[in-house]
Every structure is written in structure tokens, then in C-alpha cells.
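Engineer: Chain residues, written in single-letter form:
There are 2 protein chains.
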Amino acid sequence: ENILEAKPVVYRQITVPQPGAKEYSTDSGLVVPSISYELHKRLLTMAESYGLSLDRRLEMTGVCASQMALTLLGGPNRLTPKNVHQRPTVALLCGPHVQGAQGISCGRHLANHEVEVILFLPNFVKMLEAITSELTLFSKTGGKQVSSVKDLPDTPVDLVINCLDSHENTFLRDQPWYRAATDWANQNRAPVLSIDPPVNGQEQAVEAKWSLSLGLPLALPERAGRVYLCDIGLPRHVFQEVGIKYRSPFGCKFVIPLHSA
Amino acid sequence: ENILEAKPVVYRQITVPQPGAKEYSTDSGLVVPSISYELHKRLLTMAESYGLSLDRRLEMTGVCASQMALTLLGGPNRLTPKNVHQRPTVALLCGPHVQGAQGISCGRHLANHEVEVILFLPNFVKMLEAITSELTLFSKTGGKQVSSVKDLPDTPVDLVINCLDSHENTFLRDQPWYRAATDWANQNRAPVLSIDPPVNGQEQAVEAKWSLSLGLPLALPERAGRVYLCDIGLPRHVFQEVGIKYRSPFGCKFVIPLHSA
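The listed protein sequences correspond, in order, to chains U and A. Heads up, the first sequence is in full-length UniProt numbering, so the first residue is 244 and it goes up one at a time. Heads up, the second sequence is in full-length UniProt numbering, so the first residue is 244 and it goes up one at a time.
I should point out that these hints are in silico values taken from the structure, not numbers from a laboratory. For clarity, every value in this text was computed on a predicted model and none was experimentally measured. Keep in mind that a hint or two might mislead.
For identical chains, the list gives no copy identity; a pair is met inside one copy or between any two copies.
As the list claims (entries may be wrong) - Quick list of in silico lysine-lysine cross-link-like pairs, DSS-like style, CA-CA up to 25 Å:
no., residue 1, residue 2
1, Lys387, Lys325
2, Lys452, Lys325
3, Lys265, Lys452
4, Lys265, Lys393
5, Lys452, Lys488
6, Lys387, Lys488
7, Lys325, Lys488
8, Lys284, Lys265
9, Lys265, Lys488
10, Lys284, Lys393
11, Lys369, Lys325
12, Lys284, Lys387
13, Lys369, Lys265
14, Lys369, Lys488
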């Protein structure tokens, strides 16, 4: 064993075609470079071409994001049969896009674990298919859905999960529901977890305490808070096919904290 | 808080239409009744009708089963960048059915986490679609696939994952590949984890140290070893629609140990 351990540890196990705007490191010192949104998108499209469909990704992201949220809510100390009368409350703010669908999947898994979930989703005549399928499943939990910010709680909740922003449709930010929801989040005193937040130049409307990136991180701004990385099940050769040399930084975990290097 | 906590804790939060052949309990004393295979099947069919497709279930089962397997393999102590030269080896034995597909999904997630995975799957001319889609994804990991027991390791592996049995096609047990694979598993000295093992009267060909049931447990025989329950993301009303009164026994976990009550 000693002979084997004497080999030097390689900390730079992930290399990307273009140097990212930021580098992160894991608790054990592995380097995790950031990638551009364009490369991230190509990575997901490549994964989809091998059968890792959006549906599967929604399920996996929902499970892992809810595992992180359950830890933030207090984990085993909070969720025992003995304090079933003091269930934590989560306000889940979703826009009408894939990021919103990821949030609803997370919300379903939280509601399945007896968390009180209030989902805010603005009314639209025509919804993305990924949203409607997530909503059908969410409606089978004990979770509550509202389409007006007025129906969100007046008092602080335990956690706000922010999935209002999409990586592409930045024009949504000008809509009244978006402004109302971000104002509500900024006025509620609960800590905010952002799932898959974008980096598109503009200031993020809601300051997060934690942000969860998927697969590989984008170069997130300060307002994204502490960055975590979520395993979304991409095999190594999928990274390779978009030019990324990859070795998992996750160890035995599926969500890990990242530190600015 | 004291006033709320004074309410008595209800330990029987799950009730089933027919009393199951066995009752289990969780670490915190919640009662988890077993259900029949027929009711389990109706539960999954109901979930599928609301959009919780086989694909989604495969993804979630794979994630949660691999989280359990990673813990059994030693968790953070075993999987650090420092002992990357001593990667654990898992032999994954799969039959040509949904149980096999669940195993391959678990194998992909393990291989994604730098576990050395050797997948045994017998050759068939026509495979179930769920199997071929899992195989495509598995082939993008560093995992190895073999179709002959001769190509499985001679030396003990760290863990055998058994997904050879289906709930319905018990005739597979008479096939030469089945016998060869179960003989191999019984001769290798590694501990065995069975995922979603059936209860169909016959003796289980491979004795398991642990068995992972999905959603709600069947009444497993002694040879199934220690029983664990895996959350597969079913919302409460889905249980209700097949006559099961359900409240999650999982707390903040997605895999929990069950004890014979």
C-alpha cells in the first residue's frame, strides 16, 4: 500500500479546451475549471444524444438538489417522526423554462420527504412540455402551487429555492411576475439556494447564499454565494467528446462544495 | 415547541389494503408493511401513468442504489484522490430484464465515481429497450462489459451486485448463463448486494448480505440478508390511488435500513 500511495496525487484531473474565467477547487484540492455556457450546453446536448434525456436529467437533478436542500434544512435533526408537527417550509420560485422544471422536480422530492413546499410559477397559456410533466407529478404530492406572489407566505420561510432565471431568455426579467417574485425573495428573510443560475452579464436579481451548478460550474459572480457542484450522471467519454478531459471530482458524493481557487 | 412535541408520535403511518406477509420497522420505529408483488406492480404502473416513466425510475434507482453501494465500499475513506490507485472493484451481474437495466444504471453511476465496474450481461439477439439504452450510456463510462462468466475476475472483488432475477420470468433460472453466473457469485468471496430481488417461492440462488427494495418492500426471505428501502420518488397520492395510505418513512434520507418487526 505504501508503495502505491507514494505515487504523486494529480490535482488537475479536469482540463477544458478554453481556459475558463474562473477555477474552483474541491475540499481535497482537486481543480475544477469553470466552462462557458456554450460549452455546457454542448455537453448536455452530447449527453442527450446518447440517451441521457432531459427527463432523466430532471429526475437526477431533482434528487441531488433535494438532498442538498434537506441538509441545508437541518437534515436528520429536523426531519424525524418526532417533529412532524414542525415541518420546514420551502418557497420554490420557478420560471417557465428548463431551470424552472429542475426546480419543480426538486420540489417534488422535497414534498415527498414531508417538507412543506410552496411552488410559485407564473401563469402561461402554453407551457414547456418539461414544465407540464413536472407539474403533473408535483400535483400528486402534498405540495401547494401558486401563480401569484400575493399567495406566497408573509412570514419568513426556512429556505427559498430560486429557479427564476434561464440561461437564455433574459427578457423574462422585465416581466411583472419576475420583478414581484424577486422582490418577495429579497424581502423574505430566508436564505436562498439558486439551482443552475446563469452568468449572463447582468446582476443576479436575488442574492443567493448557495448556488448549485450542474456537471461543471460556470464562472459564477459573487452574488451566487457559496458554489456547490451537482453530479448529473454524465459518463467520462461524453465530456471527452466535447473536448474536456475529465475525471470525477465527486469521490463518493453527488453534491460537493467548490472553493474559488 | 413543547406543546407541539407533546402530541403523540404515530408510528403506523403507512397502511396497506391487504396485510402483508411481513412487517418491517425503520431505525426510528416507523412501521413499514410489506406488499405483494402484484400491488407493487400496480403502484409502478400508476406512477408511470402520471409521467414517472421507467427511464426516470431507472435514473433515480441507479443514483440511490449507487449511493448505497458507495457507502458499502467504504465511502469517503475509500474514494479519495489519494488512493486513486486502489480503486474498488464491483462485479455487476445482470439479467435481460428491468431488474438488469436497474443494475446497469447503478453500474454507470458507480463507474462515474471511479469505481472499477465489470458488468456481466448474457448475449441475446434482441434486448429489452431499457437494457439497450442503459448499455449505450454504460459504454461511455470506463466500465467493462462481458457476456461470459469466464471473463469475470478469478479473485475476490470488493462487492457483487446481483440483478440476475426478474419478478416474472423465473424460467431464466434454468438457462446455462444464469447457473454459471450464480455459481461464480457463490464462489467469489465478495459480499453481495441484491437490487430489487423477487419473492417467488423458489430459493434465491445467491445469498445476499444486503437487499435493496424499491418504494415499499416485498416480504423477502432470510437469504435476502439485511433489507434496505430505496426512495424511488413516488408522490403520496400515487400510493393513495392504489389503496395505500402513505407517509414517507425516509426522513432526510433516500435509502434507509429496515428491521423485521
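Engineer: At most 25 Å between CA atoms: does that hold for Lys452 and Lys488 within a copy, between copies, both, or neither?
Structural biologist: This pair counts as neither: shortest intra-copy Cα distance 30 Å, inter-copy 37 Å.
Engineer: For Lys387 and Lys488, with the copy left unspecified, which applies at a CA distance of at most 25 Å: within, between, both, or neither?
Structural biologist: between (43 Å within a copy, 20 Å between copies)
Engineer: When no copy is specified for Lys284 and Lys265, does a C-alpha distance of 25 Å or less occur within a copy, between copies, both, or neither?
Structural biologist: within (18 Å within a copy, 49 Å between copies)
Engineer: When no copy is named, should Lys265 and Lys488 be tagged within, between, both, or neither for a Cα gap of at most 25 Å?
Structural biologist: Close inside one copy (17 Å), not across copies (50 Å); limit 25 Å.
Engineer: When no copy is named, should Lys284 and Lys387 be tagged within, between, both, or neither for a Cα gap of at most 25 Å?
Structural biologist: neither (32 Å within a copy, 28 Å between copies)
Engineer: Checking Lys369 and Lys488: alpha-carbon separation at most 25 Å within a copy, between copies, both or neither?
Structural biologist: Neither: 40 Å inside a chain and 35 Å across chains, both beyond 25 Å.
Engineer: Given a CA cutoff of 25 Å, do Lys284 and Lys393 count as a within-copy pair, a between-copy pair, both, or neither?
Structural biologist: neither (35 Å within a copy, 42 Å between copies)
Engineer: Give the relationship of Lys452 and Lys325 under a CA distance limit of 25 Å: within one copy only, between copies only, both, or neither.
Structural biologist: neither (29 Å within a copy, 31 Å between copies)
Engineer: Could you figure out if Lys325 and Lys488 sit no more than 25 Å apart (CA to CA) within one copy, between two copies, both or neither?
Structural biologist: Close across copies (19 Å), not inside one copy (48 Å); limit 25 Å.
Engineer: Measure nothing new, just compare the shortest in-copy and cross-copy C-alpha distances for Lys265 and Lys393 to 25 Å and report within, between, both or neither.
Structural biologist: neither (39 Å within a copy, 48 Å between copies)
Engineer: First find the shortest C-alpha distance between Lys387 and Lys325 inside one copy, then the shortest across copies, and answer within, between, both or neither for a cut-off of 25 Å.
Structural biologist: Intra 23 Å, inter 46 Å, cutoff 25 Å: intra-copy only.
Engineer: Within a copy, between copies, both or neither: where do Lys369 and Lys325 come within 25 Å Cα-Cα?
Structural biologist: Neither way: Lys369 and Lys325 sit 43 Å apart in one copy and 51 Å across, limit 25 Å.
The structure fails hints 2, 4, 5, 10, 11, 12, 13 and 14 (numbered hints given earlier, in ascending order).
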